[in-house]
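Please model the complete structure; the sequences and the hints are all you need to start from.
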Amino acid sequence: MYLLFVLLFPLLLGSFLLIAKPAKAFSLALGGSIVELIVAVLLLCQAKEATGVTEFIQPWIPEAGLKFALFIDGINGVLILLSTLLVPFIIGTTSNSEKSADARYLGLILTMQAAMLGAFMAKDAFLFYFFFEASLLPIYFIINLYGGENRNPISFKFFVYTLFGSLFLLIGLIYVYLRTPGEIPSADFETLYQTASILSIKEQSLLFLAFFVAFAIKMPMFPFHTWQPDTYTVAPAQGTMMLSGIMLKMGTYGVIRMIVPMFPVGIANWGGIVIILSVVGVLYGSIIAIQQKDMKRLLAYSSFAHVGLMSAGMLTLSPEGIQGALYQMLSHGINIVGLFFIVEVIERRTKTRELAQLGGITQSSYFLTVGLIVLSLGSVALPLTNGFVGEFLLLKSVFDYDITIGIIAGITIILGAVYTLRMIQKSIFGNASKVTSNFEDLTICEKLVIIPLSILVIVGGIVPSVILNYSQPAVDLLSKWIK
Amino acid sequence: MSSALLIPLLPFIGFLINGLAFPKLPKQIAGVIGSIPPLAAFALSLQLFFNFDGNAQLIPIADWIQVGELSIPLALQIDQLSIMMLLIITGVGTLIHLYSSAYMSHDAGFGKFFAFLNLFVFFMLILVMGSGFVTLFIGWEGVGLCSYLLIGFWNQKNSYGDAARKAFIMNRIGDLGFLIGIFLIFQEFGTASYQEVFEAIKAGSGTNVGLIAFCLFIGAMGKSAQIPLFTWLPDAMAGPTPVSALIHAATMVTAGIYMVIRANTLFELSPEVLHFIGWIGLATAILGAAIGLFQNDIKKVLAYSTVSQLGYMFMGLGASAYTASFFHVMTHAFFKALLFLGAGSVIHAMSDEQDIRKMGGLKSKLPITYITFLLGTIAIAGIPPFAGFFSKDEILAHLYHHDMIMWSLAIVGSALTSFYMFRVFLVTFHGDFRGTEHQADHLHESPIAMTLPLIILAVLSVIGGFINLPAFVGGNEFLAHWLSPILPEGSAEALEVHVASLEFLAPLAAAFIPAIIAIQIYGSKKSVPVADAEISGVQKIIYDKFYIDEAYNFLFVKPVNFLSSFFYQFVDFLVIDLLVETVGKIVKSSSNEIRKIQAGTIGFYVFMMVVSIAIILAWTLKSWMF
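One line per chain: the protein sequences are H and P, in this order. Position one of the first sequence corresponds to residue 6 (the numbering used here), numbered consecutively onward. Position one of the second sequence corresponds to residue -4 (the numbering used here), numbered consecutively onward.
By construction, these hints were calculated from the structure, which means they are not laboratory data. Please read all numbers here as calculations on a predicted model, not as lab measurements. Warning: the hint list may mix true and false statements.
What the hints assert, rightly or not - Residues of chain H placed beyond 12 Å of chain P at every Cβ, according to the derived structure: (1) E60; (2) A69; (3) F135; (4) N149; (5) I176; (6) P186; (7) G277; (8) Y306; (9) S323.
Stated by the list, open to error - Output of the computed footprint for chain H on chain P, the stretches with three or more beta carbons under 8 Å from beta carbons of chain H: (10) 56 to 66; (11) 163 to 175; (12) 549 to 562; (13) 571 to 581.
Claimed, not checked - Derived pair list, reagent style DSS-like, types lysine-lysine, alpha-carbon separation capped at 25 Å: (14) H:K162 with P:K580; (15) P:K521 with P:K535; (16) P:K152 with H:K439.
A virtual CB, placed ideally from N, CA and C, is assigned to each residue, including glycine.
Structure (C-alpha cells):
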C-alpha cells in the first residue's frame, strides 16, 4: 500500500494546493514532500528486504487487458529515490522568494512529481505512457505561467516537440501490445519483453527507432535537442530543476526499462549509429558550453552533454553501461539541481546570469563558493565525487564496446573541465563587479539546500556501493533478455 | 585499525577541521592544526619504515565499485616504494607546513591555505599508498584538484585563475590517457590491482602491454610536466611559494616517475615505450634548461629547472635505471624544495618582488637564506659530494651504458643547469642592491619558522646523496638494496665506474666549468641581465619560451573556440533548429490550406462524399475481382 501512497500523496497534496490555495502553502508543500521522501525510503528498504516482488495491481481497462499496475525493483528504485529526494530541495529553493507563497506554483511541482513517479513505478506500458504524457501538463504550465521572456512560443515548442515524439512511442507500443499472446492482449512489461523477443529483425529495428525517437527527444539527445536550451533558460528555476533533475530521466529510464530488454536485436542493428550520435552529442554539447555567456544556458548544454554519455552507455547493453547510467541519473540530478540553484541565488542577488557581469563573489560568500566548487567537481567527475562513479562506468562501457568511440567520448573529461572551470572563474573568481560588490553569502534557507546536496556529492562518490548493490539484481534480471 | 590507515586519514581530518572552521579559527590554531597531521603522519611513516619486514602488506578499506564482473576495491599497499614515498611526502611536507605558518601569516586566507595543503597531502598519500591503478587515479586527480585550488589561491587576479585552469586542463589531457590505460588494463587482466596485474604479466599473459604502458605514460607527461604537456608548470608559479615547493617541485610532479617505477613490470615489457620515455625526458630536460638560462623571475627559473630535472628522471627510467631515477626524485625533493623555500624567503624579504634584476646583494641581509640557497645551488649543479651529484651521476652513468648520444646531450643539459643556477644565485645575492629604498628598509631575514626548514633541507641536500652511495666510493647502496624487491632482477647490481674515465670526468666538468663562467660574469663583473626591451635575437626566442604557449593557443584554443561559436550560432540555430521549425511551419501552413476546404459549402461536401464513396467502392470491387 505504501506504493499507492507514494504515488497519490503528492498528487492529492498538489491538487489541494492548486484548488484550495491555502495560506501556508510553502510549509505544506515542503512538509509533504519530506513525508513523501521518508515513506519512499521506507518503501525502498522494504522492497529490498522482500523476497517477492513489491507491486500493486488493480484492473484499469479490463476489456483491453490494461492494468493499473505499480511495482518496485532495483532499477526504478533509484529513480523513485531521485524524484522524492530532489523535490523537497526544489521546493526549498523557493523560500525567500515570492513563489514560496504561491500555492498554485507549488501545487504544479507536486503534481508533476506525482506524474513522474507514476511513470517510474508503472508496470504496465500504457500506464507508463499515460504518466509520461501527464507529466507534460504541469511543467507546461510552470513554464508558460512563470517563465521568462518568450515563454509562450518556447513552452509551446517544448510541448509539441515532446508530444510529437511520444506518438512514435504510442504507435510502437500498440504494435507490440497487439502481438501479445492470449485472448486479451496485455501491456505488462514482462509480457512485452517476451513478445518482442520473437519479433523479426526488421520489426525489432523499426520498433527500436520508434521507441527511441520518443525517449531521445525527452532526454534530449543530439540532434533532437534544440528545444532544450531555450526551455531550460526560460523556465523558472524550479521548473528547470524539475526538467533537468528528474524529467529527462524519464527518457533514459524508458530506454533501460523498455528498449534494452525489448529490442536487443534492434539495438544490434541500429545501436552503433545511435551510440555514435550520442557521443557526437556529448562533444557537441560540451564544445558549445565552452563559450556560453548565460550560466543557465551553459548548464543546459552541459546537462545535454552528460545525458549523451548516459545514452551511449546504456545502449552498449553491458552491466557497466546500464549501472553507470542509473548511477549517473542520480548523480546528475543532484548536481544539476544544486548548480541551477546557485545560478538562481546569483540571479536573485545580482539580477543577472551573464558571466561577463559577474565575478569576485568568492570574497564575500564562503558557502556559495564551496557549494559551487563541490557541485562542479561532481559535474566534472572528479574521483570521490558522485559524478566519477557514473562517468567511469559509462566511459568504460563505451570503451569496451569500441575503443575508438570510447576514446572520443573520453574527451568529455577534458572539455567538461574547460567549460566548468571557465564558469567558476568568470562567475565567482576575479574582481567584484558593480553588481557583485555587495554580494551576500547564502542565507540559512539556501544553506539548507546547498550543504546537503554538496554532502551528497561526496558521499555518493565514496559509498556508491549502496546504490549499485541495490540496483544490481534488477540489472541482472534485465540482462537475461539481452542475448 | 592499522596505523597505516591513519597516515592518509590524519591530513584529511586536518583538512576538514580547517576547512569547516575557516575563517573563524584563529590563525595560530589553524597553523597548528594544519601542521600536526603531516608531522604525525611522518612519525607513523618512520615507524612503518623501521618495522617493515620486507613483505608487501595489503590493507583493505572497502569494496568501492562492484558492477557485474567489474570489482574495484579500495585498499592500501605498504611496500618498499610506498614507504619511501611516504617519508618524502610527509617529511618534506611537514617542513613546508611549518614554513607556511610564517610565510602565509599575513594572508587572510590562512586557514583555507592549510586546509588545501592538508587535502593535498591526503591525496598525495592516497596516490602512493593505493594498491591499484584506480586508487592511484583517485590520488592522481585529487592532487590535480589541490594544485588547481592552490595555484588559484589568490584568485582575485585573473591571470592566476587562468594559470590554475591551465594546470587542471592540461593535467586532464594526460589523465584521459591514464584513464584509457586503466580501461585497457581491465580489458586485458580483468582487474586493476597491482599485485594481480603484475603477477599476470609475469605469468606471460597480456598482449597489449605496450599500448597500456604508452597510455599510462601520457598521464605521466601531464602530471610530471613533460613535452608536450609541460607548459602549465611554469605558469603554476602563480601559487604561493610554499605550494611551488611542495606540489610543483618535491611531490606531485614526481607522481609520474613514481607511477612508472610502480609499474616497472609493465614498462619493462615495452622497450619501445621505454625508449620513447627516455627521449621525451631528454628533450624536456634540454628544453627546460635552455629556457631557464634567460629567465629573470626567480620562481620561473626554478620552475623550468624542475621541468628539466623531471626530464632527467624520465631519462633514467628510459634506461631502466629505476633506482637512480627514484634516487633523483628524493634528492630533488630536498634541494628543489630548499631552493623554492629560499626563493620564498627572498620574495618575502623583498616585499613580493620576484625579478632578480631588481634584487642583488642580499647575502648580508639574509645570511641563512643565502647560505642555504648556495648549498641548494651546489647540490642541483651536480658538484660532489652534494646530493644532486650522486643521484644525477647515477642516471648519467646508466645513460652512458645505454645510449651514448643521450648521454652526451644529457651532459650538455647538465652544464646548462649549473650555469643558470649559479646565474640566478649570483644575481640575487651578490652584486649591488638594485631594489627600491622602501624595499631596502624592509629587508630582513625570515623568522625561525621559515629558516629552520631551510636549514634542515640544506643539510639533507648536502648529505642526502649518502643514502645510495655507490660501492666504489665506499657506500653501501642502501636505496638500491631497499628497492630491489619491487624492481626487475639485477637492478641492484652496481655499475662499475672508473675514476679516470670520460664517464666520470665529463659530468664533473659539466658541473664546474659553467659555474666558473657564471661566477666570472655575474659574480666578478657584477653583470645584470638586461631589461626586457633590450633582449633580441635567439635570446629573445628562448626568453619568450620558444612561443610554445602561443602555438598551443593557435593550434588548440582558437579552433575550439571557433568550433564552439560555429556549432552554437550556425549548426544549432541555422541547421538543426531551422529544420525543426520548418517541419512545424509546414504542418501549420498545410493545415491552413486544408482548412480552406471546410468552408461551409454544402454542395462541396456532398460532392466530396460522392467521390469518396466511389473510391471506396472501386477499392472494394478491385479486391473482389483479384
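Compute the least Cβ-Cβ separation between H:E60 and chain P, then decide whether it is above 12 Å. It holds; H:E60 is separated from chain P by about 26 Å at its closest Cβ, greater than 12 Å.
Just want to verify: H:N149 was marked as not at the interface with chain P; is every Cβ pair farther apart than 12 Å? Correct as stated: the minimum Cβ-Cβ distance to chain P is 17 Å, above 12 Å.
So if I understand the rule, the pair passes when the alpha-carbon distance is 25 Å or less; does H:K162 with P:K580 pass? 11 Å, holds
Regarding the assertion that H:Y306 does not contact chain P, is the least Cβ-Cβ distance greater than 12 Å? 8 Å, violated
Taking 8 Å as the Cβ threshold, is the statement that the stretch 56 to 66 of chain P is covered by chain H upheld or broken by the three-residue rule? holds (count 9)
Non-interface claim for H:G277, where every Cβ of chain P lies beyond 12 Å: 19 Å, holds
Between P:K152 and H:K439, does the CA-CA distance stay at or below 25 Å? 17 Å, holds
A cut-off of 12 Å on Cβ-Cβ distance, and H:S323 was said to be off the interface with chain P. Does that hold? It is violated; H:S323 is separated from chain P by about 7 Å at its closest Cβ, not greater than 12 Å.
Count residues of the stretch 163 to 175 of chain P with a Cβ under 8 Å from any Cβ of chain H, then say if the count reaches three. holds (count 8)
25 Å Cα cutoff - pair P:K521, P:K535: 22 Å, holds
At 12 Å, judged by beta carbons, does H:F135 keep clear of chain P as stated? H:F135 clear of chain P: closest Cβ-Cβ about 25 Å, beyond 12 Å.
Whether chain H covers the stretch 571 to 581 of chain P (at least 3 residues having a Cβ closer than 8 Å to its Cβ atoms): holds (count 4)
The structure fails hints 8 and 9 (numbered hints given earlier, in ascending order).
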